[in-house]
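Participant: Based on the hints, put chain B with the ligand in the right spot on chain A.
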Amino acid sequence: MDEKKDSRRDFITKFAPATFWGSLAVWGGSLLKFTMPTLLPQESKKIKLGMPSDFPNGTTKIFEKERVVLFSDNDGLFAISTTCTHLGCVVKWT
Amino acid sequence: MSNTEEKNKVPSGLEIFLTNLKHLPQSFKDATVRHGPPSSNRAASQSVFSNLFLHIHSVRTHRYNFKKTFTMGLGVASAASFIILAITGILLMIYYKPSLAEAYNSIKDIHFAVPGGRLIRNIHRWGAHIMVAGVFLHMVRVFMTGSYRHPRQFNWVVGMILFAVTLGLSFTGYLLPWDQLAYWATTIGAQIAGSPVEVTDALGITEIIDIGGMQMRLLLGADIVGEEALVRFYFLHCIFLPLILVTFLGVHFWRIRKDGGMSRPSVITKEMLAGTPIDENAEMAFPTKNKTYGLMCLVKGESNNVKNSVKNTVQSWPNLFNYEMAIFILVLAIMIVLSYVSDAPLKEAANPAVPENPAKAPWYFLGLQELVPYSAFMGGVAIPGLAVLGLMLIPFLDKTRNESGLWFPDKNEKSVFKSTVIFSSIVILATLIFTVNFGWLRNWFPQIPQLIIVLINPGTLITTLFVWWSIRILKNSGSTRLGAMAIFTCFLVGFVILTYFAYQHRGPNWDFYWWPSLWPTH
Ligand code: HEM
Chain A
35 MDEKKDSRRD FITKFAPATF WGSLAVWGGS LLKFTMPTLL PQESKKIKLG
85 MPSDFPNGTT KIFEKERVVL FSDNDGLFAI STTCTHLGCV VKWT
Chain B
8 MSNTEEKNKV PSGLEIFLTN LKHLPQSFKD ATVRHGPPSS NRAASQSVFS
58 NLFLHIHSVR THRYNFKKTF TMGLGVASAA SFIILAITGI LLMIYYKPSL
108 AEAYNSIKDI HFAVPGGRLI RNIHRWGAHI MVAGVFLHMV RVFMTGSYRH
158 PRQFNWVVGM ILFAVTLGLS FTGYLLPWDQ LAYWATTIGA QIAGSPVEVT
208 DALGITEIID IGGMQMRLLL GADIVGEEAL VRFYFLHCIF LPLILVTFLG
258 VHFWRIRKDG GMSRPSVITK EMLAGTPIDE NAEMAFPTKN KTYGLMCLVK
308 GESNNVKNSV KNTVQSWPNL FNYEMAIFIL VLAIMIVLSY VSDAPLKEAA
358 NPAVPENPAK APWYFLGLQE LVPYSAFMGG VAIPGLAVLG LMLIPFLDKT
408 RNESGLWFPD KNEKSVFKST VIFSSIVILA TLIFTVNFGW LRNWFPQIPQ
458 LIIVLINPGT LITTLFVWWS IRILKNSGST RLGAMAIFTC FLVGFVILTY
508 FAYQHRGPNW DFYWWPSLWP TH
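Going down the list, the sequences are from chains A and B. Heads up: take any position in the first sequence, counting from 1, add 34, and you land on the working numbering. Heads up: take any position in the second sequence, counting from 1, add 7, and you land on the working numbering.
To be clear, the hints were calculated from the coordinates, so they are not data collected in a lab. Quick reminder that beta carbons are idealized off the backbone N, C-alpha and C, glycines included. Don't take each hint at face value.
Derived lysine-lysine pairs resembling DSSO-like cross-links, with alpha carbons at most 30 angstroms apart [said to hold, decoys possible]:
hint	chain 1	residue 1	chain 2	residue 2
1	B	Lys354	B	Lys367
2	B	Lys367	A	Lys99
3	B	Lys367	A	Lys126
4	B	Lys115	A	Lys99
Restraint ranges, calculated between C-beta atoms of paired labels, are given here [to be verified]:
hint	chain 1	residue 1	chain 2	residue 2	range
5	A	Met70	B	Leu210	41 to 49 angstroms
6	B	Leu210	A	Ile114	22 to 30 angstroms
7	B	Ile90	A	Ser57	36 to 44 angstroms
8	A	Ser57	B	Phe403	18 to 26 angstroms
9	B	Met221	A	Ser115	20 to 28 angstroms
10	A	Phe112	B	Leu107	28 to 36 angstroms
11	B	Val258	A	Ile114	45 to 53 angstroms
12	B	Val258	A	Lys99	45 to 53 angstroms
So here's chain B without its partners, still in its complex pose:
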């Protein structure tokens, strides 16, 4: 009797609890690592698609994506920079105080008193430079390899938004130290935001609609750069723009998957894949035969290549993740080394009575600053606005379906690229040399109406010549891709030369100097 009783004995609640408690580490591990260590292909695949953070990757990655000369890792490097900036930025927020009285002092504390503060600040500053450069070069790569083409037009537009937000983040961050550089660069930036007033003044309608004034007040919360501006910039820099960036980054990555993965040429030879990782299934064509499809719904339009099986893929875990981690560590290492070599600048505290001379914007805006002296509206609003709009529309104006994923797939692209580099360099250098030696309309006709200078100045001249050149190429070649190649190359060369010139050869009063060491001391 006692025997059967024992057999049927139901464990008490306490006993169950104790057993569960004993197995706690194991159950916890099972729930977290839901599929054993990723030692088999199956478990590795499972690790990828059942993890929120990893599942933005596909389970297998095409070997062509690892080709170093294809993407050059620039998109991943941009993302890595952003992650590093977010981490260091959050740390800086612990000590930074966004008020007129404390902003400058708190940065000084971070730089000189807080343990590790200088390193964190330097990494954040260098990170900002590297992210802007990385995003810019990534855009160049996507353009040059023709990867904006169908079906990736939308992702190109998303990319342009990311580009604009990246620049916005950098511009708003520049004010926060509240030193002379910050104050005067932002004053110039705000004045550029207000510059449509040039046009409305010339037309005599500022009283009725003052677009420039509205833009400036929206940005500064006042007519001057003061505490309101600091609070607005702080909010934009630390909350609003990062949220927008993260949101659109999510869309960007999602679109890469939805557009069928990265672009790649239709024929991929063995030589193209030299140096890329390989695994035992790489030769297998993955595999539409033994995949089962359920019919969910019928939609119009093309989707990922359901019919075509894909060859030459490798497991994302570990190949892709190693590649990404390598880039992350490389980017971080570069930032740390630079941070030990060179400190983030901190000038005297902002002084509205004494302008910084020259007040140079961060380098990526210097090209525009070179155009702004003639007309703040043309150089600071109209021309960059046109450039961004033009870039954004590229995939909709060039709808050729040539090969994507290759740099210069035919000799036409290369020859247009080369001739455009020569043409645009000559145009820009000639304009710069001319204006440095002879000045511009205002020097010759002091009484000339500003509206004429707004319309006819080095910036508009260069832009017009660039457009003329590209239309000529478009007409002669009959190819929208070559037209796009011409205008994009013009933009690229213009950006590089103007930026270099303003960085190296402009001194106090925006006068020309061969080297900064020749600047007069004042």
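Just chain A, with the same shape it has in the complex:
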């Protein structure tokens, strides 16, 4: 009888702090999630630069602000970003 009582108290005294730390961890985690942006506030990566007919075979056009180069040759029409994938600098197109 006594033993039962004690172990119940034991359980509660252990359980109470565990709930505290558990809820704190969950709450802290959700706070961290708050700092992670879900809406990326930047211009869309889909950009309108013109119609394919604006770029006949042999043209090269540099869009400085959009950081894109469009060129077309016998193999087709290509769009290449001028932002370097290494450290994010702008590659000079020649």
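Facilitator: Chain B with the ligand only, in chain A's frame:
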């Protein structure tokens, strides 16, 4: 009758009030200076322990702590720099506006229009350099004098946190002027934060878990350096990181006291104390005999030397406070002189279309920038991460209980130090000369997979050689202290040479130039 009445007359409320009012200056002084002027030892001691700001010091300080060649005042100089940075930073906040439209202009206003603005800005900029240098050198001193040893392991770890926060403060502050230098240095920094993508890309798992992208977005609030990044950096620089720094500084100072004061050798000779302050009680052994201890509770573990009485101490007031004030004033004077000699830089306003070339990071990151061209992940994340982790674990991997508080207490330490300086200088210089002349794998095999370069590049090569050398010393000497001495010296020499090389000999496109004056004008 009237006589007795007068005798027993209770003063009226108004009279009491007026008397109190008359004594107001005196009562106010008594409450503030609670123990008379610190002219006696007793009052001086009381001044120290009953004042919140002074009581982080002990009442008496060991004379050895004043030995100039021991600490070189570097910890105090770091703290002084931080205080000066906090004051000038708060002043800058009055005029600085953290927005894309106004950030650059407000810095320009501070620099050119606000009265005294340029001086404040210059002190803040020079202060940042000096604090980083001071903290770094303080770490070197603590390592070299073996002061990380038991019981100070924990304080060494706290120190590493302070080191990281100091660098974080400096990195976040660099963006705020929003000029070309700021913009492009931060772009590189953010790209390095995103560089685990090199590894996940090579493994083809970026779609599933994009650690690099997450880190970068957490830092920038976006995929690009824009207004969100500016707001985040502003918050980190002005609120979050200073709070963390102050908190851990509190812990750092508290631990110094709790670890029994500063480290010092077990035998202290008269010659060692030459030039340190002395007072009439310095020869007294303080004093366990006539101290009374109350039993509060029983705890396990060692504590301050309760049994051992301490000799060779002097009153903290005024000796220690004079020492601290002298360092503070010296640091402030250096900053002010530098501020008149050289202005904090301000380039053109940030322009995302035109990269700054070269976009150099602040000098303490330049050593890493030298390693980054091959692999942003290895040079910018893995190797510095390993270095910080390694530094942090030193006291737990070297548990020798040799003498603390002495530079090079025996000739073994000195000879390992010397041979390691030679070895690591040769390794680094050879690698630099080789890569400048012959390039690296990508120049010879343009089609080589990036993963191979991530694994085999000058950075990993140098690191491997350093570790090999230190393990060799560890094995041959059988001493973890000498192994630690070897790896720490490698780190130190690597840092110094790479930083110098990137600062002086790298120009546009990160090409080699003998001097910046030879850079092509563009
Ligand atoms: C914001 C940065 C820091 C400040 C303001 C600071 C301040 C101080 C001060 C004032 C002292 C007292 C003695 C002295 O001047 O050397 C001290 C001691 C100490 N510091 Fe720092 N510190 C900083 C960073 C570090 C770092 C980066 C480390 C190491 C990783 C470190 C480890 C220690 C240790 C172990 C001691 C005790 C030394 C002994 O007992 O001899 N601290 N610190």
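Participant: Determine which of the earlier numbered hints do not hold for this structure and return their numbers in increasing order.
Facilitator: 5, 8
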